[in-house]
Amino acid sequence: MAVQQSPSYIGRVVCFIGFLLLFHSGYSTFEHLSYLKAIDGHESGLPLDIVIELLASVALFGLGIVLVADDFKEILMETEMAKQSIESLDARPSFYSFNHRGRAVFRNVTLRN
Amino acid sequence: MVSAAKVLQDLRASAERKPDVVVRLGKPLVESGAVRKLDADAWLVYEQVAIAALDTGDDALAQKCIQALEDKFPGSARVRRLHGMQLEADGKLTEAGEIYKAILNEDETNVLAAKRQVMLLRAMGLPSEAIGALVKYLDINYTDFEGWLQLADLYLDELMYAQAAFCMEEVLMLQPQNHIFHLKYAEILYTQENIPLALKQFCRVVELCKDHVRGLYGIKLCTSRLLNAAPSKSPAATSQEDLTAIDLLATERLIAVYGSGAAAAATKAVSTKWIENL
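Read top to bottom, the protein sequences are chains F and C.
Just so we're on the same page, the numbering used here is the position in the first sequence counted from 1, plus 604.
Just so we're on the same page, the numbering used here is the position in the second sequence counted from 1, plus 72.
Check the hints yourself; a few may be wrong.
What the hints assert, rightly or not - The calculated lysine-lysine pairs, modelled on DSS-like cross-linking and capped at a C-alpha distance of 27 Å, are:
no.: 1; chain 1: C; residue 1: LYS340; chain 2: F; residue 2: LYS687
no.: 2; chain 1: C; residue 1: LYS164; chain 2: C; residue 2: LYS136
no.: 3; chain 1: C; residue 1: LYS136; chain 2: C; residue 2: LYS90
no.: 4; chain 1: C; residue 1: LYS292; chain 2: C; residue 2: LYS282
no.: 5; chain 1: C; residue 1: LYS282; chain 2: C; residue 2: LYS208
no.: 6; chain 1: C; residue 1: LYS109; chain 2: C; residue 2: LYS136
no.: 7; chain 1: C; residue 1: LYS282; chain 2: F; residue 2: LYS687
no.: 8; chain 1: C; residue 1: LYS78; chain 2: F; residue 2: LYS677
no.: 9; chain 1: F; residue 1: LYS687; chain 2: C; residue 2: LYS90
no.: 10; chain 1: C; residue 1: LYS99; chain 2: F; residue 2: LYS677
no.: 11; chain 1: C; residue 1: LYS292; chain 2: F; residue 2: LYS687
no.: 12; chain 1: C; residue 1: LYS136; chain 2: C; residue 2: LYS173
no.: 13; chain 1: C; residue 1: LYS78; chain 2: C; residue 2: LYS164
no.: 14; chain 1: F; residue 1: LYS687; chain 2: C; residue 2: LYS164
no.: 15; chain 1: F; residue 1: LYS687; chain 2: C; residue 2: LYS345
no.: 16; chain 1: C; residue 1: LYS272; chain 2: F; residue 2: LYS687
no.: 17; chain 1: C; residue 1: LYS144; chain 2: C; residue 2: LYS164
no.: 18; chain 1: C; residue 1: LYS345; chain 2: C; residue 2: LYS90
What the hints assert, rightly or not - Chain F is faced by these chain C residues, among others (derived, beta-carbon under 10 Å):
no.: 19; residue: ALA77
no.: 20; residue: ARG84
no.: 21; residue: LYS90
no.: 22; residue: ARG297
Worth flagging that the hints you see were computed from the coordinates, not collected in a lab.
Glycine is no exception: its CB is placed at the ideal position from the N, C-alpha and C atoms.
So that you can see chain C by itself, here it is in the shape it has in the complex (with noise of 0.2 Å):
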């Protein structure tokens, strides 16, 4: 049980979404009542399992969760907008934005209702709508950079590469360490035909995360995108040797990456206990 419970809660520390397996390890627990024994954390781990169970369907489960939440802490905007959260697994969008605008009627620096907002609207098939109100809600929470990151990917689906890429820089202005928010940056560069801009990044994506395979593709697309090109006239521009010495670097280090022995070893055991557990 203990272990169940650390397993959790780095899963709440890191953020990924595994509704599976929190639900696999969080059901015994919400259902012996031993989540009780956590003390604090056992609200948390109310609140995760319950998020899961909407992920997987789980209604009955999900429903004990908020009722113990709803006990707990009656009233509270953190336990209305898992409500909200419930009527919108079931579909019932329109009810769970009343219970969002209710609770931005109360306060209207509720940021977690907020968020809902937008997602609502966009699950509602109102993307135009669902950026507006990100906008407007980055227009107060520019540090936030999760809304600019959620905005670039609303965009994306939108196709406006140059709105994306600026919500990409914002990003990257308040998370410069994260090589995955580069690796999306640089691919947008890429997708706009920014290839000079993107060569740039793809080498930060490798400065940040030694050999990331990824970034060593792009760098050999934009490398050879720029060198079968015309060469650039401009100043600013790489030159055509550096080209080729930052191409034949990433082509080896890619070659380090998967043609050592161990690689291939690793790569081979995977895909063997993969095929194994079709």
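Next comes chain F alone, as it looks inside the complex (with noise of 0.2 Å):
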């Protein structure tokens, strides 16, 4: 069971942020465009500033999930199994056998929480 992490506010403000950014960048993108479209501009490439105001985004949202994730896992299998524990690792469950005494603790035992 991992142990759940307090979430990263300052994290998901930065996410946010950065998304508002990316989407400001994207409707002046199209306001551009129909800008250049209206007066029957030809020209290539966007104006600088909606590029840097995308480019923050991106840097935004790169350094938000970082605060955002939790923290790493090890990549070997073994520091996963170490955690384990033995009834989990040695059990065989399509080899169970009723031949045990299950049948006669809880026969009459109520179980409680």
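Since each chain comes alone in its own frame, lean on the hints to assemble the complex.
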């Protein structure tokens, strides 16, 4: 069971700002293109301020994701295995035997929480 | 209700056998019909609760779950296997055997039924027949580590350590990263008096699982045996100095695990809680 970390609010705010910038730059691009269409201008590329806004949003997203993400997990399978109990690692569900005391023990018992 | 379903799912994934927990959580789900809200998972929960109910002797609940599965999947081999397990739990071993035989007659590659037959023979008190059936099964399904593990278990019951060790070697080929399997193999080797190899395996356990106490005690047992015996002449043997160093290191780790203040406090808290709950 992984311990739930408290979510990083700063990271989420940074992500949200990044999203707003991305949205705004997209909207600006749309406006710029419709302006170009209206004046029949031929221009390749976008104005510098939109490009800068876009790159800023990428940077903010990167920073925000790093802040929000949980701690890294070990890449080795052994470290995950080492956390598990012997009951789970040595379990053989397809070889269950019913020749055990369970029926006698639990028959007259009310299970409590 | 959602959290009960989550716990049941975790138990299914980890394969731990906790029938009391499963019945306690699953019984209200099945009886109130809330289990149907889980969509596709519902049938897995039915199967899980049915087997747990057989474990705890709650026959009415098991019957209810198996009936629900039977209505959904009529004639399915997996449901018929559950019927067989129900008969097994009831002690009607011959009838159960006939169900498994019928499933295998229709489809001889049904691994679940084949495995049940092995356990049926064991429950009947015929260990050598059970071993024979499992060997035949493993001849075909040789990548099934569960089968090899079970075969090792059956051989251990018969005190056939060399055969059990062979089975554990097969398991280790298939699951090399599981420290518990290395531990089993090491303990079989130790029982066989193959101390040098047992020492290596115990070291492997500690390598895979840091500060594994049973592994550390195994190392200490092996090193003390080897240090007390006459020094081996073979060039491959671990030198006396190395053995002493390994022994010291294992002791140091054991003291670190059990001797630290936090560990001692945790042990005390657990045992106090256990005593208070008695």
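Now for the hints, and whether the structure bears them out:
Between LYS340/C and LYS687/F, the direct Cα distance comes to roughly 22 Å. Compliance with the 27 Å bound is thereby established for this hinted pair. For the hint pairing LYS164/C with LYS136/C, the CA-to-CA distance comes to about 19 Å; that is within 27 Å, so the pair holds. For a cut-off of 27 Å, the pair hint linking LYS136/C to LYS90/C stands: about 20 Å separates their Cα positions. With a CA separation close to 16 Å, the supplied pair LYS292/C and LYS282/C stays within the 27 Å bound.
Only pairs whose Cα atoms come within 27 Å are accepted, and LYS282/C paired with LYS208/C is rejected, the gap being roughly 38 Å. Restraint check for LYS109/C and LYS136/C: satisfied, since their Cα atoms lie roughly 17 Å apart, inside the 27 Å limit. Proposed proximity of LYS282/C and LYS687/F is supported: the alpha carbons are some 10 Å apart, at most 27 Å. Between the alpha carbons of LYS78/C and LYS677/F the distance comes to roughly 22 Å, so the proposed pair stays at or under 27 Å and holds.
About 18 Å separates the Cα atoms of LYS687/F and LYS90/C, which keeps this hinted pair within 27 Å; it holds. Pair hint LYS99/C plus LYS677/F does not hold up; C-alpha atoms about 36 Å apart against a cutoff of 27 Å. Restraint check: the Cα-Cα separation between LYS292/C and LYS687/F comes to about 23 Å, which is no more than 27 Å; the hinted pair holds. A distance of roughly 25 Å separates the Cα atoms of LYS136/C and LYS173/C; the hinted pair therefore holds under the 27 Å criterion.
Straight-line distance between C-alpha atoms of LYS78/C and LYS164/C comes to about 34 Å, which puts the hinted pair past the 27 Å bound. Proximity of LYS687/F to LYS164/C is assessed by CA-CA distance (about 40 Å); at most 27 Å being required, the pair is judged violated. Straight-line distance between C-alpha atoms of LYS687/F and LYS345/C comes to about 23 Å, which keeps the hinted pair within the 27 Å bound. Taking the CA atoms of LYS272/C and LYS687/F, the gap is about 22 Å. The hint holds against a cut of 27 Å.
Our distance criterion of 27 Å between C-alpha atoms is met by LYS144/C and LYS164/C, whose separation comes to about 25 Å. Restraint check for LYS345/C and LYS90/C: the C-alpha separation of about 21 Å stays at or below 27 Å, so the hint holds. Checking ALA77/C against chain F: minimum C-beta separation of about 16 Å lies over 10 Å; hint violated. Among the interface hints, the one on ARG84/C holds; its C-beta lies about 9 Å from the nearest C-beta in chain F, closer than the 10 Å criterion.
The restraint placing LYS90/C at the interface with chain F holds, with a minimum CB-CB distance near 8 Å, inside the 10 Å limit. The interface hint given for ARG297/C is broken, as the beta carbon of that residue sits about 25 Å from the closest beta carbon of chain F, more than 10 Å.
Figure legend: structure checked against the earlier numbered hints; hints not met, in rising order: 5, 10, 13, 14, 19, 22.
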